[in-house]
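This is what each chain is made of:
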Amino acid sequence: SQTIHQWPATLVQPVGSPLSLECTVEGTSNPNLYWYRQAAGRGLQLLFYSVGIGQISSEVPQNLSASRPQDRQFILSSKKLLLSDSGFYLCAWCVLTGDYGYTFGSGTRLTVV
Amino acid sequence: GENVEQHPSTLSVQEGDSAVIKCTYSDSASNYFPWYKQELGKGPQLIIDIRSNVGEKKDQRIAVTLNKTAKHFSLHITETQPEDSAVYFCAAHLPLRDYKLSFGAGTTVTVRA
Numbered sequence: 172s173q174t175i176h177q178w179p180a181t182l183v184q185p186v187g188s189p190l191s192l193e194c195t196v197e198g199t200s201n202p203n204l205y206w207y208r209q210a211a212g213r214g215l216q217l218l219f220y221s222v223g224i225g226q227i228s229s230e231v232p233q234n235l236s237a238s239r240p241q242d243r244q245f246i247l248s249s250k251k252l253l254l255s256d257s258g259f260y261l262c263a264w265c266v267l268t269g270d271y272g273y274t275f276g277s278g279t280r281l282t283v284v
Numbered sequence: 011g012e013n014v015e016q017h018p019s020t021l022s023v024q025e026g027d028s029a030v031i032k033c034t035y036s037d038s039a040s041n042y043f044p045w046y047k048q049e050l051g052k053g054p055q056l057i058i059d060i061r062s063n064v065g066e067k068k069d070q071r072i073a074v075t076l077n078k079t080a081k082h083f084s085l086h087i088t089e090t091q092p093e094d095s096a097v098y099f100c101a102a103h104l105p106l107r108d109y110k111l112s113f114g115a116g117t118t119v120t121v122r123a
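For the record, the sequence lines run as chains A and B. All residue numbers for the first sequence refer to our numbering, where the first residue is 172 and numbers rise by one. All residue numbers for the second sequence refer to our numbering, where the first residue is 11 and numbers rise by one.
Hints in this document: simulated from the structure, not taken from any laboratory. Glycine included, every Cβ here is placed at the ideal spot set by N, Cα and C. All the given hints hold, so there is nothing to weed out.
Within a straight-line C-alpha distance of at most 35 Å, the following computed DSBU-like cross-link-like pairs (lysine-lysine) qualify: (1) B:K47 <-> A:K250; (2) A:K251 <-> B:K52; (3) B:K32 <-> B:K68; (4) B:K78 <-> B:K32; (5) A:K251 <-> B:K47.
Computed footprint of chain A on chain B, listed as stretches where at least three residues anywhere in the stretch have a Cβ under 8 Å from a Cβ of chain A: (6) 41-52; (7) 55-67; (8) 110-116.
All chains should be built: construct the whole structure from the sequences, respecting the hints.
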């Protein structure tokens, strides 16, 4: 079966520190992958998406970057965190055959202090 | 791109009553409309979806209706229960080269016991 793993579940980081969040998908090949951020009580903001290895599209200019080193691995990074980077980060995948729905990971709650 | 508007932003209902959330979309070429439920601290989960060639779909207590002429779709929850309390997001898929869902801003549903 298809599953998505996202870690860590929670993270508290000081301002100026680096960030690396990882997302992996199992049970499917060549998925589209997405990173979303959700501020407290707010909607889903698309940060990055990827249609294949090494292919990254950025939706919002910001302090973050993304990489896709392997087909089923998607990484969200920052060299120096800002207070405004705090939020709930969600990874999602979909395949472009049949059902078009996204499957979301369980999320990472990031607090920058 | 596609623009999705969702109303209301908050909805409080008495247990046992029905809840209705409405979304409108801007591009008539959109062809797939999923609904997601997000419980506190978790990632959104797909609960029901509908394609543009279908007018209505039901799954136990939840149903979705689509009016392509008016470009709106709605989520109906009957016989609401406390476990229906969550944030609900609608979305629309516009068939472009890069697959992305456009999400509504979300509706916080509270079911009062």
